[in-house]
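A.B. asks: These are the residues of each chain, in order.
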Amino acid sequence: MSASENTTAWRAPTAPESRNYPYNCWWVAGFSDEVSREMLGRWLLDTPVLLYRKEDGTAVAMENRCPHRGAPLSLGCLKGDAVQCGYHGFSFAADGTCIDVPSMKKPPTSASVRSFPVIEQKPFVWIYLGDPAVLNNVPPPPVLDWSQDDDFALVHGRMDIAANYMLLKENVLDLTHFGYVHAKTFKITDWVDPPSFSTDGDTTTFHQSFRHSPLPPLFADALGLPLGMPYNRENYGSFLSPALQEGAVDFCDPATGDITGRFRVSHATTPIDPVSMHYFWLLGRDHGNSPEQMAELEKMTEIGFAEDEEMIEAIQAVTSRDPRGSNAPEISVKTDTAGVQARRIVQRWMAKET
Amino acid sequence: MSASENTTAWRAPTAPESRNYPYNCWWVAGFSDEVSREMLGRWLLDTPVLLYRKEDGTAVAMENRCPHRGAPLSLGCLKGDAVQCGYHGFSFAADGTCIDVPSMKKPPTSASVRSFPVIEQKPFVWIYLGDPAVLNNVPPPPVLDWSQDDDFALVHGRMDIAANYMLLKENVLDLTHFGYVHAKTFKITDWVDPPSFSTDGDTTTFHQSFRHSPLPPLFADALGLPLGMPYNRENYGSFLSPALQEGAVDFCDPATGDITGRFRVSHATTPIDPVSMHYFWLLGRDHGNSPEQMAELEKMTEIGFAEDEEMIEAIQAVTSRDPRGSNAPEISVKTDTAGVQARRIVQRWMAKET
Amino acid sequence: MSASENTTAWRAPTAPESRNYPYNCWWVAGFSDEVSREMLGRWLLDTPVLLYRKEDGTAVAMENRCPHRGAPLSLGCLKGDAVQCGYHGFSFAADGTCIDVPSMKKPPTSASVRSFPVIEQKPFVWIYLGDPAVLNNVPPPPVLDWSQDDDFALVHGRMDIAANYMLLKENVLDLTHFGYVHAKTFKITDWVDPPSFSTDGDTTTFHQSFRHSPLPPLFADALGLPLGMPYNRENYGSFLSPALQEGAVDFCDPATGDITGRFRVSHATTPIDPVSMHYFWLLGRDHGNSPEQMAELEKMTEIGFAEDEEMIEAIQAVTSRDPRGSNAPEISVKTDTAGVQARRIVQRWMAKET
Numbered sequence: 016m017s018a019s020e021n022t023t024a025w026r027a028p029t030a031p032e033s034r035n036y037p038y039n040c041w042w043v044a045g046f047s048d049e050v051s052r053e054m055l056g057r058w059l060l061d062t063p064v065l066l067y068r069k070e071d072g073t074a075v076a077m078e079n080r081c082p083h084r085g086a087p088l089s090l091g092c093l094k095g096d097a098v099q100c101g102y103h104g105f106s107f108a109a110d111g112t113c114i115d116v117p118s119m120k121k122p123p124t125s126a127s128v129r130s131f132p133v134i135e136q137k138p139f140v141w142i143y144l145g146d147p148a149v150l151n152n153v154p155p156p157p158v159l160d161w162s163q164d165d166d167f168a169l170v171h172g173r174m175d176i177a178a179n180y181m182l183l184k185e186n187v188l189d190l191t192h193f194g195y196v197h198a199k200t201f202k203i204t205d206w207v208d209p210p211s212f213s214t215d216g217d218t219t220t221f222h223q224s225f226r227h228s229p230l231p232p233l234f235a236d237a238l239g240l241p242l243g244m245p246y247n248r249e250n251y252g253s254f255l256s257p258a259l260q261e262g263a264v265d266f267c268d269p270a271t272g273d274i275t276g277r278f279r280v281s282h283a284t285t286p287i288d289p290v291s292m293h294y295f296w297l298l299g300r301d302h303g304n305s306p307e308q309m310a311e312l313e314k315m316t317e318i319g320f321a322e323d324e325e326m327i328e329a330i331q332a333v334t335s336r337d338p339r340g341s342n343a344p345e346i347s348v349k350t351d352t353a354g355v356q357a358r359r360i361v362q363r364w365m366a367k368e369t
Numbered sequence: 016m017s018a019s020e021n022t023t024a025w026r027a028p029t030a031p032e033s034r035n036y037p038y039n040c041w042w043v044a045g046f047s048d049e050v051s052r053e054m055l056g057r058w059l060l061d062t063p064v065l066l067y068r069k070e071d072g073t074a075v076a077m078e079n080r081c082p083h084r085g086a087p088l089s090l091g092c093l094k095g096d097a098v099q100c101g102y103h104g105f106s107f108a109a110d111g112t113c114i115d116v117p118s119m120k121k122p123p124t125s126a127s128v129r130s131f132p133v134i135e136q137k138p139f140v141w142i143y144l145g146d147p148a149v150l151n152n153v154p155p156p157p158v159l160d161w162s163q164d165d166d167f168a169l170v171h172g173r174m175d176i177a178a179n180y181m182l183l184k185e186n187v188l189d190l191t192h193f194g195y196v197h198a199k200t201f202k203i204t205d206w207v208d209p210p211s212f213s214t215d216g217d218t219t220t221f222h223q224s225f226r227h228s229p230l231p232p233l234f235a236d237a238l239g240l241p242l243g244m245p246y247n248r249e250n251y252g253s254f255l256s257p258a259l260q261e262g263a264v265d266f267c268d269p270a271t272g273d274i275t276g277r278f279r280v281s282h283a284t285t286p287i288d289p290v291s292m293h294y295f296w297l298l299g300r301d302h303g304n305s306p307e308q309m310a311e312l313e314k315m316t317e318i319g320f321a322e323d324e325e326m327i328e329a330i331q332a333v334t335s336r337d338p339r340g341s342n343a344p345e346i347s348v349k350t351d352t353a354g355v356q357a358r359r360i361v362q363r364w365m366a367k368e369t
Numbered sequence: 016m017s018a019s020e021n022t023t024a025w026r027a028p029t030a031p032e033s034r035n036y037p038y039n040c041w042w043v044a045g046f047s048d049e050v051s052r053e054m055l056g057r058w059l060l061d062t063p064v065l066l067y068r069k070e071d072g073t074a075v076a077m078e079n080r081c082p083h084r085g086a087p088l089s090l091g092c093l094k095g096d097a098v099q100c101g102y103h104g105f106s107f108a109a110d111g112t113c114i115d116v117p118s119m120k121k122p123p124t125s126a127s128v129r130s131f132p133v134i135e136q137k138p139f140v141w142i143y144l145g146d147p148a149v150l151n152n153v154p155p156p157p158v159l160d161w162s163q164d165d166d167f168a169l170v171h172g173r174m175d176i177a178a179n180y181m182l183l184k185e186n187v188l189d190l191t192h193f194g195y196v197h198a199k200t201f202k203i204t205d206w207v208d209p210p211s212f213s214t215d216g217d218t219t220t221f222h223q224s225f226r227h228s229p230l231p232p233l234f235a236d237a238l239g240l241p242l243g244m245p246y247n248r249e250n251y252g253s254f255l256s257p258a259l260q261e262g263a264v265d266f267c268d269p270a271t272g273d274i275t276g277r278f279r280v281s282h283a284t285t286p287i288d289p290v291s292m293h294y295f296w297l298l299g300r301d302h303g304n305s306p307e308q309m310a311e312l313e314k315m316t317e318i319g320f321a322e323d324e325e326m327i328e329a330i331q332a333v334t335s336r337d338p339r340g341s342n343a344p345e346i347s348v349k350t351d352t353a354g355v356q357a358r359r360i361v362q363r364w365m366a367k368e369t
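Chains as they are written, first to last, in this note's numbering: chain A, 16 to 369; chain B, 16 to 369; chain C, 16 to 369.
Be aware that a few hints might be false.
A pair holds if it fits inside one copy or across any two, identical chains being indistinguishable in the list.
Said to hold, decoys possible - Cut-off 27 Å, straight-line C-alpha distance, at most; resulting in silico cross-link-like pairs (DSS-like, lysine-lysine): (1) Lys120 - Lys94; (2) Lys367 - Lys69; (3) Lys199 - Lys120.
If you are wondering where the hints come from, they were derived from the structure by calculation, not from laboratory data.
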């Protein structure tokens, strides 16, 4: 038995110059309800990943490439908490240790497969694919308080998008696109002026106040108020990490200033590779949140976010096909402030890796 | 607001070593009847191009990539003569000047998109994608007199071919392929001997005289003469520019020497990229040109040119897949004289750019 | 007429660093029953190859790229023993000599196309695509005695697999995969212990003895013995050349030690390119070989080998997509001994070429 390289230090599979995402960062591997006792193979950050649950329900992630002859372990099967490769039957415990090679009395200790740290914070299963040696210095996955708040009802969905993940990030950091991309779906057409911006460390935030502004149907319906009624809204959003973006709308009675409803959204994007991503979206509302109303919200969101998908996939297609790539001239205006900050923050995350 | 690169000198998007087409040349962007008040996005010479007409009917071409965040402008809409991007609503006048950014009181002057010079000579819309600084020194689009001659009826069509554009050029410069590729369609099987050749500057011409040669059905039918009747034909063709090839047949009564009919064809090829092209063909005839006869000609041409397409796509597929690429041994014979001259002329066009 | 390069020394079309197969080796071009008077175009070792038979039945192979303008000759037609290109009618004798250019009185001698040495040993047509100068030093195609033995009935089939050819070689050199990949088809589940191994020059062999081992249905049925009957089997296989692998099972009566049946299989793999192959399999049996029984064997083999195809295509897909390529850590165990030897033998074949 011989082993090659399996004791070498960790190295990112993809060189920094060909990507714009850090490895030493927690990313969303999937929704909790996607990970089960069925084997789930998924590419995340150019890495083949196997996801499953142990018999006690704990989520597990390991490299989806058998260290013996490279078979995707997801083609194998679970034997209790262990994974048995479908090619030659090598078995691996949930921590990646090789526990059985059918032709050997004792499995070779060096035949382990890399396992990945996982943190489950429902509805997300977070994964760490970076350098194990620096894990302790990496910020933990951001917590979305509202997602754990019983006052909120939640809906979520996944889209696999053929575009670099930052195109989605920049999309949700410049909401002036609502009046064009979503004019016929979300019908929020008053996002016109640049919001205010602030940056705190590696978090960047936009904030837009709407005062006595007519309520679009999406909001009016949920609040049980007449369409177009002048109302106050505080709309703000933050780039929390390369993996997660959060958005919020607080509805305030213009007469009393009381918050009468809270709407939340988070956008988790995990690069599959430099030109595609998994997009995990989560919406929450503490009002107008009967099952029927949330089902309606889910449906509208799927339609609206498909409009974003179409747009950013078109941008990626142009960028990929244009020989100038991303080097074509680009103009930024004030509404891009948060997006431009986000790019810089990502660069800082990446700079720490080299 | 910041601008990057938008004042730098023009540079071809694709390096000369990976292409065989000049930028400083007029190319056909489309047929006149393809350009309308609908947005038309098209890749020409590795460049994303948007084509449309102003309200007064003038054809307009600009870069189909918003300078803000790269969205294809063809996903937006026309507002009068201006283009509004479908992502964040940036608007551009027909000359590319940014005239509106919804979140700004005054649009940033640097946010303009490149517009391209256009010349419409029906049935073609010509475009110039090269260096603006040298446009005045570039030969104008060749004029096809017969296409403006009322004696001629015309038919035209477009094929998008997965092959380098020169494969089509060489195809129409060596008509000995008729006896093999088109034996069952055009049935012109007497193109056997090498024609005579002449080169005048950057134009190269072949000329073949057929004396007392039986008329193929395509020609006999149009002239109203019996099939196989001995007749005289002068068949010649010229490489007029990298963009345009013209072919001609003059039919002469062997008894009198009078020209009794003129048949014309032009082949405009515009590279999409190094391995694909738009092929715009145009046929004209000053005889046998009732609507029914021209419809018949159009139909036969579509079938026959699809035979060329199959052949040159097969050649491109071999060239692209063979690790030797275009470096495999190649033999040229006398009938290739015009094609070889055309390659040299293209090289001269390209040499002027560096 | 001009010729470029056609007198230069032979050079492999693909650089050694991007492939793992030698050119100076006999490979299987096809089954005898695939080569006929119809033109057959096929890519072998990155080389476009045309296969056909002369009127006397002799198999012929030549480059499937006309030296004139690169058309695949397989789009042309046969004129007696010669090939006529479908583009401009250039004709080539079976040895590749140009014998006709329609526009010339005398064909240019330099216009020949490369022809390839062919050896037909039914059911295989072997081809040599390497350096003509060293052909005499290259081992001839291995002979499979049993394939010429009248006691044996044969079945064969071809699969085109999207994987490097060595993945199939390693598959058949480590039969411990039977218990996992083929558990439900071949049902040979006693291939658990490592076999013995021996290497003789550039041949490597595994050997496994099964004593008083229950007969799987595939074997029991053919021998006319009850399922699960304890019986002796000698199972061995050899890597004969980069092109050919042979496997064998001798069935022995445990009481007498007599061989009561012989089962043979050969696996010929010919790279199409670095990531795909033609797989030509051949099975033979000197017992239980009525037409019905052989048809049953053929059917089961197609199903079982499709299981291998699925697995090695999945491995290739991971390897191709993983930025680490084939540089990910890899563990080998004792059952891989023959496979690892085979890799070394291939490296020795390749080292001889440089």
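A.B. asks: The structure should be examined with respect to each hint, and the outcome stated for every one.
C.D. replies: Going through the hints against the structure:
Proximity of Lys120 and Lys94 under a CA criterion of 27 Å is satisfied intra-copy only: 18 Å inside one chain copy versus 65 Å between copies. Proximity of Lys367 and Lys69 under a CA criterion of 27 Å is satisfied in neither setting, with 34 Å inside one chain copy and 52 Å between copies. Proximity of Lys199 and Lys120 under a CA criterion of 27 Å is satisfied inter-copy only: 25 Å between copies versus 66 Å inside one chain copy.
Of the hints listed earlier, the one the structure fails to meet is number 2.
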